[in-house]
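Based on these hints, arrange chains B and C on the given structure of chain A.
Residue numbers (the working numbering), protein chains in the order written: chain A, 16 to 370; chain B, 53 to 336; chain C, 39 to 452.
Incorrect hints may have been included.
Computed footprint of chain A on chain B; a stretch qualifies when at least three of its residues, placed anywhere within it, have a C-beta under 8 Å from a C-beta of chain A [claimed, not checked]:
id: 1; region: 88-94
id: 2; region: 139-148
id: 3; region: 154-161
id: 4; region: 316-327
Think of the hints as simulated: they come from the structure by calculation, not from any bench.
Glycine included, every Cβ here is placed at the ideal spot set by N, Cα and C.
Chain residues, written in single-letter form:
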Amino acid sequence: MTTFSPPTEADQDPVPSGRPGARRGPRVSRRAWRAAAVVAVFVIGLGLPVVVSNPYYLGIATDGAVLGILALSIGFLASRCGLISLGHTTFFGLAAYTFAISTTNWGWAPLVAALFAVLVGSAVGALVGAAIVRTPGIGFLVLTLAIGQAFYQLSVQTALRPLTGTYDGIPIIYADGQTMLGRDQADMGDASQFWPIAWTVLIGFVVVVTLVTRSRFGRTIEAVRENEERARFSGLNTFTPRLLAFMLSATGASVAGVLFALKANYVSPNVFSFVTAGDSVIAALVGGWTTAVGPVIGAVLYVFGQSELGATGNLQLFTGIALVVTIAFLRTGIVGALTSLWSLARRVLLTRRTR
Amino acid sequence: MSIANLLNGVAFGALLLILSSGLALIYGLRGVINFAHGALYMLGAYVAYQSVGALGFWGALVVAPLVVAVAGVALELGVFRPLEHRSHVEVGLVTFGLAMIIERVIVLIWGEDTLPVEGPGGLAGTVSVFGSGYPAYRLFIIATAAVMAVGLFVWLQRSRTGLHIRATSQDPEMAEILGVNVSRLSLLVMAVGGALAGVAGALAAPYFSVQPSMGQAILIPVLIVVVVGGVGSVGGAMTAALVLGIGQTLGNVWAPSVTVLLPYVLVIGVLLWRPTGIAGKRVV
Amino acid sequence: MNRFTRDGSSPRRVRRCIALLAVTAMATLAACGGAGGSGSGSGDEPIKIALIPPSGGVFAIYGRDTIKAWEFAADEVNAAGGVDGRKVEITAVETDGTPAATVRAARRAVTQDGARFIGGIITSPEVAALQPQLPSMNALLLNSSAVDDPLTGEQCNANAFRFVQNTRMAIGGVASSLKDLPAKKWAIMAVDYSAGRTSAKAFTKAVEASGGEVVMTQFAPQPTADFGSFITKLQGSGADGLYVHENGVDAQAFVNQGTQFNLFDSFKSIVSFKVINEPLFETFGQKVDGFNADLGYAHQLDNPENAAFVKAWKDEFGSDPYHVEADNYLTAQALFKAVEDAGSVEPKDVAATMEKLSMDSIVGPIEMRGADHQLQRSSYFAGVKFADGQLGWDDITEIPASQTTPTADPACKL
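Bound-form chain A, shown alone (with noise of 0.2 Å):
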């Protein structure tokens, strides 16, 4: 089966203290720890555009926080379920476009359409999830990477052209006085005030998949992702645990979508293109997708690569070459390699000053 071998992540206590009121202390303080470190996280990361005051960077660290929801959806699915989706543009871009056509075409007030541009993709998601999550290996793979063309090709279709604009795309244009979240649509390019909103849905998408990786449920699906024959027999169902979690993957993917059409106040067929497909799996990969973080920290770096090196033409190879790289040598990605780095350190220190 495939699998690219993380850490165990089994939330078991250490060696049991032997006293029945001991386990409560350390577990309490810890989960606090855990708790205080995400909103310090959250807090500090609110108060990033009072620290970086030129609009260029701040842009990419937007950007980056959009992709890095896609990344993560993409990355919760492949490393917990073993399923890689080259297809998470479809919900990713079905999401946008649904935000665009409802609030461009229909008139909607911008907050409504984008709940229901979320909501259109996970129901596509859970659709497609349905029909797909049993095939293994490659066969989903090339589905997802199907299905996601197939999309392309719909948003392009001269029939459609009055919905989608086909290749010119859709400018989005709020109705006459909307607002979103109290910004009008000109705020809404303007990097430092969409960044809140960024950082925030980013946050909270990174709790939400950590804490249903920790939890019961998380464990299923990794007792799938190993062996889908064992857990059968051993009563479970490998369906529906399969199935939660590609639903779950497909709506951070329109979620992210929708925060994409927010910021760019345009789609075009690419957010559903190959390319787009292609990279938002590898920024996932390259960070490290055995983690949480690892994969926002990937399209962090693939925005700032796309930022630089777009002009000169060479961000497919250098994306490439990181892919070929993580694949061959640093297995368990960027993330990985700076753990292992940092316990290498780690150890090397102590053991110097026990000399």
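Just chains B and C now, with coordinates in the frame of chain A:
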């Protein structure tokens, strides 16, 4: 005019047939989908462009497959063999990354422009087919594909090497136990697969013109054809290629919007119904 | 595997540390990037123009010629001391031509390089994506290439100005000459995006107005590598006139493959739009002999500014300029005049003078229409003739703006 339309479909299907046979061979033997196959095809086209000036079209048609065969061997030695013990998906992703690298390097060498390649002078005109004129060059592509298909089939069915390839595709471990030199066979298959991609690229150069996006553009149709045809089934891939080429081109006449979705509907349907593909014999 | 590694650090804790580190690193890096944005200048601040052409694809060659023309204009004016003493600085950033990449590049040029004026964007979707972002970037867009009507219609923007004839204006040139052509039953082959759709619609209207009929309309995606099935359908359409609207590489593919199928011999009249231009004369050769084509600019235009421009261009590059180069040179001249009139490079001030711009140019007297920011200039229609071993324009007709675009698009609310 429908004869001309049909021939358009057959011509495209023929090109796809040559390209997908190579991919199917590799997929069958190694169990890995070589996502770099489109890049190999592109390499063949650019090498053909480069050699046409000095060697003429026929010379280019010989040089391109040779160069890409070497590239295939390099792929085998540099990627497939060292990563033999990794999962098929991982190796597939490596080829995906390699495709991006190869395609960009090609553009860095030859530039971003679309490069025109003239077909051979003798095939420049039209041939009268059932009353309407049809470009001779496209007929040539069809003829070449037919010859290749027959040749490949005879080789796989009748020769000893062909027997070994078929055996290894079905069960690599058993084949090795029975004395087949799987490593040498892999080298051969990669070379042949590469050569086929090179021929397809060289043939496509006057047909489609040589441009940076050609590798990516052909990859998905080829993948679909190979997957639908069946894991490692060369015959299946060939049939699927022709069906796709003709079906799409004819469908374009009647219902263009629906036809465009045909290949995707096909591959989704086939994979969900029969994950091993229509003629496949092994689960992935 | 034990949750704790030998030295007591937890992998999860380490990862959380990495997350915190990442945020801090990002902030530090960004802060080191320095405070960006354009500072308000004073005195002889240079005129900074960012050109954002595509690096590849169908329009790559137009991109290169755009840069050539702007640099020519900049060198010319800088050699004469600049615009009111201000130097003109051109930076070119190539992108892959997708709207998202172009917007990113524009933002970068404005925030990192201090550009105030953006040009060299070739396609309408890119311009459409960029226009709404202009006010927040405090920059002006000078459009010398994207022809889609809505850009100065419902998508019009106070910071964007168009100097090239839009599709309606260009088709107007074609339409008025339709009655002189022998064909009456037309087939249309157009590129499948806004500009193609608009031109097909406008041409259909013109054909019907002149008493003919359109028997078939087809659209091909951009890019299309194989026009085979389109060509066979055209052959079976029963039309005696063909209208083709394709760009750059697609135009070449269509002409080459059409010749392979002997397509063009079966039509009495062929009208091509955006297909033929001077750089492609050599590739096309005899294949397009007898076509009729739209013309945005012809180097033969008879006025003193053009004579000087063509001479200087020929001295520098050894060939006559064609419409891409001329349109960009024209835009540059307009910008320089607007800056001079405004006495400043602040986008707001330049926009104000540009709206009322009126000058003598290489295409004769021109005027900017304030209601929709569309430049008023003539369109042309010409025959294509192959003689003495090369292609050339023949029989050029001029159609003034008053005829092709009498009023501003009412959808534009500026």
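- List in ascending order the numbers of the hints, as given earlier, that are violated by the structure. Number 1 only.
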